[in-house]
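Just so you know, the sequences run in chain order P and U.
Be aware that the first sequence starts at 1, since it is given in the numbering used here, and climbs by one per residue.
Be aware that the second sequence starts at 1, since it is given in the numbering used here, and climbs by one per residue.
These aren't lab readings, by the way, just hints derived from the structure by calculation.
Take these hints with a grain of salt, some might be off.
[Stated by the list, open to error] 30 Å max Cα-Cα, derived DSSO-like pairs, lysine-lysine:
hint, chain 1, residue 1, chain 2, residue 2
1, P, K144, P, K76
2, P, K76, P, K156
3, U, K219, U, K156
4, U, K156, U, K179
5, U, K179, U, K219
6, U, K212, P, K76
7, P, K76, U, K219
8, U, K179, U, K144
9, P, K179, U, K225
10, P, K212, P, K225
11, U, K219, P, K212
12, U, K144, U, K76
13, P, K179, U, K4
14, U, K179, U, K212
15, U, K144, U, K212
[Stated by the list, open to error] Far from chain P by the CB rule (all over 10 Å, computed), these chain U residues:
hint, residue
16, P73
17, N82
18, R109
[Stated by the list, open to error] Just some of the chain P residues that point at chain U, by a computed CB distance under 8 Å:
hint, residue
19, R7
20, A11
21, Y12
22, S38
23, D39
24, D54
25, H58
26, N82
27, V90
28, Q96
29, W101
30, E113
31, L117
32, P122
33, V150
Each residue gets a CB set at the ideal place from its N, CA and C atoms; glycine is no exception.
2 protein chains.
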Amino acid sequence: MFMKRIRLVVAYDGTNYCGWQVQPNGITIEEVLNQALSDLLGEDIKVTGASRTDSGVHSLGNVAVFDTGTRMPADKISYALNQRLPEDIVVQDSRQVPDDWHPRRCESRKTYEYRILNRRFPDPTRRRDTYFLYYGIDVEAMQKAADLLVGTHDFKSFCSANSQAEDTVRTIYACSVRKTEDIITIRVTGSGFLYNMVRIIAGTLLQAGTGKIRPEDIKEILDAKDRSAAGPTAPAHGLTMIGIQYEE
Amino acid sequence: MFMKRIRLVVAYDGTNYCGWQVQPNGITIEEVLNQALSDLLGEDIKVTGASRTDSGVHSLGNVAVFDTGTRMPADKISYALNQRLPEDIVVQDSRQVPDDWHPRRCESRKTYEYRILNRRFPDPTRRRDTYFLYYGIDVEAMQKAADLLVGTHDFKSFCSANSQAEDTVRTIYACSVRKTEDIITIRVTGSGFLYNMVRIIAGTLLQAGTGKIRPEDIKEILDAKDRSAAGPTAPAHGLTMIGIQYEE
């Protein structure tokens with residue numbers, strides 16, 4: 001049987017899942033994909049994901065690969081798979097890639113958005129994908145702080161204390177903060193992110209937005225290389241992985 | 001006991017409700033509000049709503065009134081009530097109004113939005129408040145058709161055949177169709193709307209957008225005064241009541 005490697009782009013509403021990665025305590029995106037693919041193709045399929053998003057985090061474009069002997073054309077797999085997936089997981093694209101292509105070993109740029117709903121009362125139609133805050137937030141101060149994160153830095157202060165990561169140097173290519181109507185969106189693109197890094201960035205930029213820190217304090221926070229120097233980890237449901245751009 | 005009349009502005013995600021109005025077959029927004037208000041104020045409260053939205057329809061600003069003998073300041077009721085409401089119903093404002101003020105008997109302008117997600121595959125994070133269509137849609141043709149709805153017309157063709165309404169003349173002040181990224185938004189403001197009218201407008205404008213009818217056919221559809229002349233009723237979950245402006 002000739003095997004081929006298929007790359008999927010996967011979108012999901014993470015509300016009802018315990019994150020991406022298979023784990024004993026609850027249902028995960030990876031597990032649902034494995035099951036639907038195995039049923040569809042009649043093989044035991046195990047996907048490998050690019051970003052192991054946390055419980056409650058959403059995605060518009062996570063990437064996963066798997067190997068299969070199927071004769072089904074690669075681009076038809078997305079349509080057939082979506083018939084078997086629940087409505088909160090939708091494959092956006094399926095295509096063949098070289099047999100040695102790996103979603104975490106290729107150079108890439110990942111983009112995430114963290115969204116804050118900033119108004120007097122919550123909007124129930126946006127409760128699943130925005131973090132609600134009623135108090136005044138200075139978006140300009142957040143942008144000034146965000147500017148200081150751009151570049152190649154040791155982001156140890158912005159990494160969960162539970163992480164085992166040895167190399168905590170990462171590159172942030174862009175970090176913008178903009179407000180449209182009542183939603184503040186932090187959009188960050190980087191070479192890769194440490195465990196909880198985007199949510200800690202969001203929690204720290206919000207401290208700049210409420211005057212708890214000055215924007216220029218970001219430098220000291222980076223220099224400290226200590227998780228306790230940065231702000232709190234913002235809640236998972238405000239975070240959406242937007243997509244991954246690979247160097248071809 | 002001195003009674004006073006309180007006006008609420010109510011937002012909700014309609015996904016899990018059988019619409020606004022109390023009915024035997026399932027839980028409704030009105031019923032949940034009545035229960036929460038009665039519990040909060042220790043009186044038997046029954047609200048009167050401005051717009052009796054259908055099952056699955058959302059709202060950012062429906063309006064309701066009730067009478068109460070409470071001493072609680074009117075503007076504090078919203079905060080106390082939200083503590084008792086589920087997270088998919090959030091009161092946005094509470095204030096006292098004259099004792100004879102009625103949300104359906106005052107001159108008003110109501111605004112609704114119907115949202116269509118137009119891309120290759122569904123976005124699971126927008127599945128609750130957009131209607132997904134993958135095929136190409138001509139937004140300009142939709143706008144040309146929408147322009148012909150503006151004004152005072154007999155909208156009998158755009159009224160559910162199940163409606164008992166005798167007077168089917170209504171005024172549409174504005175009807176715009178715009179596309180932002182992959183979402184087409186039909187925004188319509190009128191003096192009032194017949195049963196299913198906005199969803200039938202959406203279904204008919206979509207027929208113009210796909211070339212099934214020509215934009216100018218709207219005139220004949222209005223003249224027909226017959227439900228079967230207009231397009232299908234678009235699904236409820238794409239519809240959001242945006243708000244109501246009252247003449248003071």
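Hint check, W101/P versus chain U [nearest Cβ-Cβ separation less than 8 Å]:
22 Å, violated
Against chain U, with CB atoms and a cut of 8 Å, does the hint on D39/P hold up?
20 Å, violated
Holds or violated: K179/U with K219/U, Cα cutoff 30 Å?
24 Å, holds
Hint check, R7/P versus chain U [nearest Cβ-Cβ separation less than 8 Å]:
15 Å, violated
Is the Cα-Cα distance between K212/U and K76/P 30 Å or less?
29 Å, holds
With a cut-off of 8 Å on the beta carbons, see whether S38/P makes it to chain U.
21 Å, violated
Hint validity - Q96/P Cβ closer than 8 Å to any chain U Cβ
Q96/P check fails; min Cβ-Cβ to chain U is 18 Å, beyond 8 Å.
Interface hint check: V90/P, Cβ to nearest Cβ on chain U, cutoff 8 Å. Holds or violated?
This interface hint holds because 5 Å falls under the 8 Å limit.
Satisfaction of hint between K212/U and K144/U, Cα-Cα up to 30 Å
14 Å, holds
Restraint outcome when V150/P is required to lie within 8 Å of chain U by C-beta distance
25 Å, violated
Was the hint right that L117/P lines chain U, CB cutoff 8 Å?
11 Å, violated
Please verify that hint: D54/P, Cβ, nearest Cβ of chain U, below 8 Å or not.
For D54/P, the interface hint is violated, since the closest Cβ of chain U sits about 16 Å away, which is over 8 Å.
Checked against the numbered hints listed earlier, the structure breaks hints 1, 2, 7, 9, 11, 12, 13, 17, 19, 22, 23, 24, 28, 29, 30, 31 and 33; every other hint is satisfied.
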